[in-house]
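> Residues per chain are reported as follows:
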Amino acid sequence: MSILPRGDDHPIPPEPPAGGKARLVSVNLLALVEQGSVGPDPYRVDADGAPYVPVGDGGVVLGVRLGDGVWEHRGDHAAPGACLVHPDPAAGYALAAQACIGNPVEVRTGAAAGETGVVIGKRGEGGRVIAAFDQAVLCRLRPGDQVAVRSRGQGAADPVPGVTLRNIDPALLARLPAETAGGTLTASVRAVLPSRIVGNGIGRPTPMWDLDLQLTPAIADRHGAAGLRLGDLVAITDLDARFNAGYRRGWLSVGLVGHGGSPQPGHGPGVTVIATGPAAALAATADPGGHRGLTEETALEVAREQR
Amino acid sequence: MNVGTNEGQLVTQLLAGEVWPPLGDRHGFRVDPDGRPFVLPGMGGVTLGVHCGDPATGYAGDHVEPGLSVRHRDPAANYALQYLSCVGNTVVVTSGPAAGAEGFVIGQHAYVLTDMPEDQLRRVTTGDQVTVQAVGQGLALDGHRHVTVKNCSPRLLAALAGGTRDDGTLEVHVAARVPADAIGAGAGMASEYANTDLMGAYAGLGEDLSLGLEGLRIGDVVAMADQDHRFGRGYREGWLSIGVISTGSCQLYGHGPGPSTIMSGPAAAFHLVDDADANIGVLASAGAAA
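First to last, the protein sequences are chains A and B.
Each residue of the first sequence is one higher than the one before, counting from 23 in our numbering.
Each residue of the second sequence is one higher than the one before, counting from 6 in our numbering.
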């Protein structure tokens, strides 16, 4: 015999509040500054079969900043700032899933205690959050330092009907080159790319993974992405990124470039999805030469306003 | 396939494995392309009733793994098992009531997948031990230096149609041609591990999801456009990768029937022949051999 209520004893619960009316929840998440790590073999193998030693794949990376070209540094997935992690896997997934672009990061321990950084992206698999800091702060960070990420953004109201926001604090979205008119959200982006360019991250849950663009300098020009920079917005056609990222004809996803290129096949500059919807509701205009994406100044300013 | 190889130089290793259980977590549900949660069988254990030549789609399942799903308990030994097992390798059950039963590897999917006759499959269960006669990594084709072969046993190569043509290209018969748009989860991973999920094969879901791949069958040999899988699964315009469909139906978005890669090279190195019979089911009747 079931102990669960049945029939009339188990009424249908009321509808949850609509996304547009519910208030966003802020959570203070503990994270640690990551140390970049490698396996017992120092080498990875690049797309042409050559071994290389990966540099800048996680941890505290100095000298890489928003606005730099994605192939400007000889790194592997090098991100502008520090990667944040949590040693408990489940807490790490929560960190990656709930942290949103624009969230403030407060350093709590170590030589940089009291300083502020800002979430500018995330990376999949291990559950990593990418945080930008002023370079003078970044060089005082040490792997293992504790930080607090004040997460807010998942569950944000649809900016127009049909468009889902992911991974972005609406306060920061307001500072990006995107406008709403006539029921359509239109983003100004560096490039509009076909979904077949997306490598690692396809088929994974977008609140926790970024999408690596399988672009090299050699073919980027053909896609209008030769000038791709960290912090740029890009659009990807025929991609529905509401849940997992996958192919859906006639959809568009827009994201922010959070880390640089990679020599590994199937990897490359990483895009954290911020908006996805059918092409009738979400549009993008490419500005290959003049696009200006997220800057360190704007990101830090938004973060400081939240503290 | 009518082509010379270095088969005489290959090394065979006997690798132990164990039929591994399906795994879940306490939340159970995954999410389909339209946001609907589902709980369905698929990966792990012994999956009955699906064999080479059967449809890859149309099951109420997710990541359907035909036959036995095999791992090793030790992580490093498991990587060896996953990396070194090749499509077409003989697998022998060594414990339990089905001891002595034989099947063959149809691909990798973070499990080594083994097809065997249904009457024998029915007597195997989780925890039964198997031995894989692993041979194939290092296989190379004479006169086709631009074609990289991997995860392919000499036995499979011999059973495939095609071979060296007068113009020097390699004739490969394929049951389907897969556009680069279909490449889903598995991109960016090592191509000796797991497989490449193909999107666009969600039978019964929206037309906007379709890339015309709903007719794929388990064991089909397929050609993937613009894929270079020599050193990992990556996009490279003008290249081709040849794979064998080793897993079936998915409801999980960005996933789908998956080919295990057996060849990669510039498109110009291949001569593809569309052939509905291009399926590794021929191995089931080809008799046991390494």
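Keep in mind the hints are simulated off the structure, nothing from the lab.
There could be a bad hint or two in this list.
Claimed, not checked - Residues from chain B that keep clear of chain A, each with C-beta distances beyond 12 Å, as calculated:
#, residue
1, P102
2, A180
3, D213
4, A273
Stated by the list, open to error - Going by beta-carbon spacing under 8 Å, a handful of chain B positions derived as facing chain A:
#, residue
5, G33
6, F34
7, V36
8, G40
9, A185
10, D231
Quick caveat: nothing in here was measured; it's all calculated off a predicted structure.
Every residue, glycine too, gets a C-beta built ideally from N, C-alpha and C.
> Hint by hint, note whether the structure agrees.
Going through the hints against the structure:
no.	hint	result
1	P102	holds, 37 Å
2	A180	holds, 21 Å
3	D213	violated, 5 Å
4	A273	holds, 18 Å
5	G33	violated, 15 Å
6	F34	violated, 11 Å
7	V36	holds, 5 Å
8	G40	holds, 6 Å
9	A185	holds, 4 Å
10	D231	holds, 7 Å
Violated hints, in rising order: 3, 5, 6; the structure is consistent with all others.
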